[in-house]
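Please put together the full structure from these sequences, using the hints given.
Protein chains in written order, with the numbering used here: chain A, 1 to 170; chain B, 1 to 555.
Possibly wrong hints are sitting among the right ones.
Some residues of chain B that are not near chain A, with every Cβ distance over 10 Å (derived) [stated by the list, open to error]: (1) 5; (2) 7; (3) 48; (4) 226; (5) 300; (6) 302; (7) 307; (8) 340; (9) 377; (10) 378; (11) 379; (12) 396; (13) 426; (14) 446; (15) 466; (16) 543.
Under the rule of at most 25 Å between Cα atoms (straight-line distance), these lysine to aspartate or glutamate pairs were calculated in the DMTMM-like manner [unchecked claim]: (17) 475/B with 124/A; (18) 86/A with 182/B; (19) 92/B with 450/B; (20) 58/A with 423/B; (21) 390/B with 30/A; (22) 168/B with 145/B; (23) 83/A with 423/B; (24) 461/B with 182/B.
The set of hints was computed from the structure by calculation and includes no laboratory data.
By construction, the Cβ of each residue, glycine as well, lies at the ideal position given by its N, Cα and C atoms.
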Amino acid sequence: MNRRHFLKSVAAGGTVVVTSWPVSPAYPAENSLAPGCKVFTVFQATLVDAIAEQFVPKDDYPGGKEAGVVYFIDGILAGPFGKFYKDRYERGLQMVDDLSHNRFGHNFVSLDSDQQASILKALESGEGGSSRGREFFALILQDAMKGYYGDSLHGGNRGEASWKMIKFEG
Amino acid sequence: MANKKVDVIVVGSGAGGGVVAKELAEVGLSVLVFERGKVYTAADFNHDELKSQYSVPPAYGPSVYNNPRTFRYTDREEARLVYPGVDDEYGKTAAAVGGATLAYGAAAWRFKREDFRMKSTYGSLPETSVEDWPLSYDDLETYYEKAEYELGVSGLAGADPFAEPRKKPYPVPPLPINPQGEIIRDAGRRLGWHPFPPPFAILTQPYQERSACVQCAWCLAHACEVGAKSGTQVTMIPRAVKTGRCELRANSFVTRIITDAKGRPGGVQYYDAHKQGHEQYADLIVVACSATESARLLLNSADKFHPQGLGNSSGQVGRNLNDHTGADGFGLFEREIPHSKGPGPSIAFNDWNHPRSREIPGGGYIYNYYCTLPIEFASNRPPGDPTWGKAHKAFQRQYFHRYLHLGSNCQAMPQEKNCVDLDPKVRDAWGIPVARITHSFTKIDYQIADFVMDKEEQLLKEAGAIKTWRGGNGKGGVGDHQNGTCRMGDDPKTSVVNRYCQSHDVDNLFVTDGSVLVTDAGFNPSLTIQAVAFWAADYIKKQWTGSAWRDGKRG
Chain A
1 MNRRHFLKSV
11 AAGGTVVVTS
21 WPVSPAYPAE
31 NSLAPGCKVF
41 TVFQATLVDA
51 IAEQFVPKDD
61 YPGGKEAGVV
71 YFIDGILAGP
81 FGKFYKDRYE
91 RGLQMVDDLS
101 HNRFGHNFVS
111 LDSDQQASIL
121 KALESGEGGS
131 SRGREFFALI
141 LQDAMKGYYG
151 DSLHGGNRGE
161 ASWKMIKFEG
Chain B
1 MANKKVDVIV
11 VGSGAGGGVV
21 AKELAEVGLS
31 VLVFERGKVY
41 TAADFNHDEL
51 KSQYSVPPAY
61 GPSVYNNPRT
71 FRYTDREEAR
81 LVYPGVDDEY
91 GKTAAAVGGA
101 TLAYGAAAWR
111 FKREDFRMKS
121 TYGSLPETSV
131 EDWPLSYDDL
141 ETYYEKAEYE
151 LGVSGLAGAD
161 PFAEPRKKPY
171 PVPPLPINPQ
181 GEIIRDAGRR
191 LGWHPFPPPF
201 AILTQPYQER
211 SACVQCAWCL
221 AHACEVGAKS
231 GTQVTMIPRA
241 VKTGRCELRA
251 NSFVTRIITD
261 AKGRPGGVQY
271 YDAHKQGHEQ
281 YADLIVVACS
291 ATESARLLLN
301 SADKFHPQGL
311 GNSSGQVGRN
321 LNDHTGADGF
331 GLFEREIPHS
341 KGPGPSIAFN
351 DWNHPRSREI
361 PGGGYIYNYY
371 CTLPIEFASN
381 RPPGDPTWGK
391 AHKAFQRQYF
401 HRYLHLGSNC
411 QAMPQEKNCV
421 DLDPKVRDAW
431 GIPVARITHS
441 FTKIDYQIAD
451 FVMDKEEQLL
461 KEAGAIKTWR
471 GGNGKGGVGD
481 HQNGTCRMGD
491 DPKTSVVNRY
501 CQSHDVDNLF
511 VTDGSVLVTD
521 AGFNPSLTIQ
531 AVAFWAADYI
541 KKQWTGSAWR
551 DGKRG
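Here you go:
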C-alpha cells in the first residue's frame, strides 16, 4: 500500500493493516534496530526522539530526547503489555510521517521546529476528522510524559533531570 | 481433587472477607480463605509512580491478559473488551491478599445517619433505585467502633461537627496537618465552614505491634512498606491465621459455588496456581470478592435449583452497580506550598455532605488530596492551557510546589440498569464467563459533583488561588469504590441479602463486601464495609449450629 492510498483509507475510516514498516527510510541502515532499543528501528527512534523533544523541549533543563524518553517507550513496546500498544505505535508513527510528507514534502525529523509543532497540533486536534490521529497523539503524549517525569528505573528521566527541575524529592 | 471439609469458606481476603475470617476463626470455627491473588510483601512495594495500582499492569493484579471484562455504558450498546490497568472502566481493585485494602488510600469514614435513609430523606429520585438500608447508623455504631479499634484508625473525635455521635474516641491521634491542610483550614474558617482532621486507617503511633506512618508521598495506589496502612493483609488475615484455625489459600481462584442434592451451597470449585481444578467443601459460604466479582461468582454458580444464579431468585444479583463520581478542584498559587509530607490529606470538610439546605441529595466530603506526583501533575492543566511544549514544561517548574488539589468522593445514585452480568461470549483464561459491566452516571450524579466542585473552587479562591479549575467525570465505569450488586434489604423480591448479609434464598450463603451497600454515601466505603462485616460475623456467631446449619435444620 502506498502512502497516498494509506492516508486515503485512514481518512475514509477504513481498516489499515501495515504489514511491513517503516516505508519511508531512504537508507537501509535506518531499518536496523536502534542502539539501546529492543523494538524501535533507527528510523522510528529518531522520529520518537523528535516528537519527545517537541513535547518537552530543551531549555535550561534537558529535553525529551536527552532524557531518554524513547527508551522508556521502547521498553513498553518490548514488555509483556507491548501487544496493547505496538500496532498503535506502528500506525501512529507512520501517520506522523505521512502527514509531514503531505504537508511539507519531508520526513517529520527533517522539518523545522515550527513545522513539526504544526503537524503535532494537527494530530492533537483531530484535523480532517482523524480520530486515529487524535488517539495516537494522546497515547504518545501520555507515554512521553511518563518517560520524562517517571522513575529513571524504566529507561527515561535520565539523571532524574525532571525531578531536579521540579524539586521533587520522591 | 477434594480437600478436607471446613466450617466456613470465605471467598476473598479484602475488607469484608478478612473481617469475617478473623471473627469466625477466633471463636473456634475452621475457616478457609480463598484469594485469587498472591501474597505481596514489603519487598514488592516501591516508590514508583509507574508501578502503582493505577499503572499498566496494575502493580497488585489482576494479571492483565488472564482477566478481561467487557464494558458498555448502556444495554443498547455492544460491550467492548476491557483489561485491568489498560482501560479505566475496568475498575482498580487489586487481586491480592488484602484485596483493595492492600494499596488503598485508607480513608476510614463512618457514614452519616442520612446515608442509611436516602429514600426517607430525599424521596424517590428520578432514574434511580435509591432505597433506605434495612439497618441504621445506630445498629452499626458499635461495629464501626470495633472496626476502628481493630484497625487503629487515626482521627480526632468531636472535631467534625457534622459527624454522628460516637461512644469512644479514635484509638490513635490524627495525621499531622501539612501545609495544604493549613491553607484550606484557614480559608474554610473564613468562609464559616468546619475544618477537621479526617480519619484514616493509617497508624500515627505504634499500635498492636505495627509501626507508625513515616509520611512518605507514596500512599494512594501504593502498598505501605512499613505496614502503617491497616489493610487486611497486615491486620485481619494474620490474626485469623494466628488462631491456627484459618488457612489462607492464595493464588486460588474460586469459579463456582456448588450445591448439594437439596440445592444448598456445600462448597466451591476452584483452580490453584497451576490451573488445576479442585473442590472444597464447607457448611457456610461467605462471598466477599468485590462488587463485580461477587456478582459474577453467584451468576456463574447457576444450577438446576438456581437457574438465574445462586441467591438470585429476585433477579437482583448484579443490579444497582454503583461507584462514586470524583469531584476534584485544582488551584494555582503565587506562594510556594511544599508538598512532600504524606500521605497528603490532613483537613476535610463535611459542610457539603448532606448540606442542611438540602440543595442536593447527599454530596461528599471535601479534603486536600494525596501528595501530587510528577506524572499526575504533568497530565493536569487548566482547560485551554498547553499540554506539551515549552509552556507546559515551564508550568511544571513554576507550579509543582504552588498547586493545591482538593478531592471528594461524591455520592452517586444507584440505578437498576447499571449492572454486572455474564458476558455471553467472552471467557477468561480459565474458560469462565467474564463480568460484563453496564454502567453510566445519571443527571443527578453530575449535579451533585458540580455542586461540590463549586464549593471546592470557592475554597481555593478564598485560600488565595490565582487560578482554579475542576476535574471532569467520565460517562461511567467502575472505579475504586464499586458497590451495590448484591443489595441488602428486607424484601426477598427486591434485594439479594437480608440485613445480616445473609442470602434470602439459601441461609448458609453470605455476602460481606461492598456488594451489599444499598447506597454509597459521600465517603470512601472501606470502614463501612468492615463494620457491616463485623455485624454479619456477629450474627453468624450467634446463629452457628455447625453442620446442622448446612442441612437446613437450623432453629
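* To do: With a cut-off of 25 Å on the C-alpha distance, tell me whether residue 390/B and residue 30/A pass.
  => violated, 29 Å
* **Outside-interface status for residue 48/B - nearest CB in chain A farther than 10 Å** => Per Cβ check, residue 48/B is inside 10 Å of chain A; nearest 5 Å; violated.
* Distance restraint between residue 58/A and residue 423/B, which requires alpha-carbon spacing of 25 Å or less -> Status violated; Cα separation ~49 Å.
* Nearest-CB test (10 Å) between chain A and residue 466/B -> holds, 19 Å
* Taking only the CA atoms, is the gap from residue 83/A to residue 423/B under or equal to 25 Å? -> holds, 23 Å
* **25 Å Cα cutoff - pair residue 86/A, residue 182/B** => This hinted pair is violated, its Cα atoms lying about 46 Å apart.
* Is it correct that the beta-carbon of residue 307/B has no partner in chain A closer than or equal to 10 Å? -> holds, 37 Å
* So is residue 300/B really clear of chain A, every C-beta pair being over 10 Å apart? -> Its Cβ never comes within 10 Å of chain A, the nearest being 27 Å, so this holds.
* Beyond 10 Å from every chain A Cβ: check whether that's true for residue 302/B. => holds, 33 Å
* Is residue 461/B close enough to residue 182/B, meaning Cα to Cα at most 25 Å? -> holds, 15 Å
* Asked: Is residue 168/B within 25 Å of residue 145/B, Cα to Cα?
  -> holds, 7 Å
* Asked: With d taken as the least Cβ-Cβ distance between residue 446/B and chain A, does d exceed 10 Å?
  -> The claim stands: residue 446/B keeps its Cβ more than 10 Å from every Cβ of chain A (closest is about 23 Å).
Violated hints, listed in ascending order, are 3, 8, 9, 10, 11, 12, 18, 20 and 21; each of the other numbered hints is respected by the structure.
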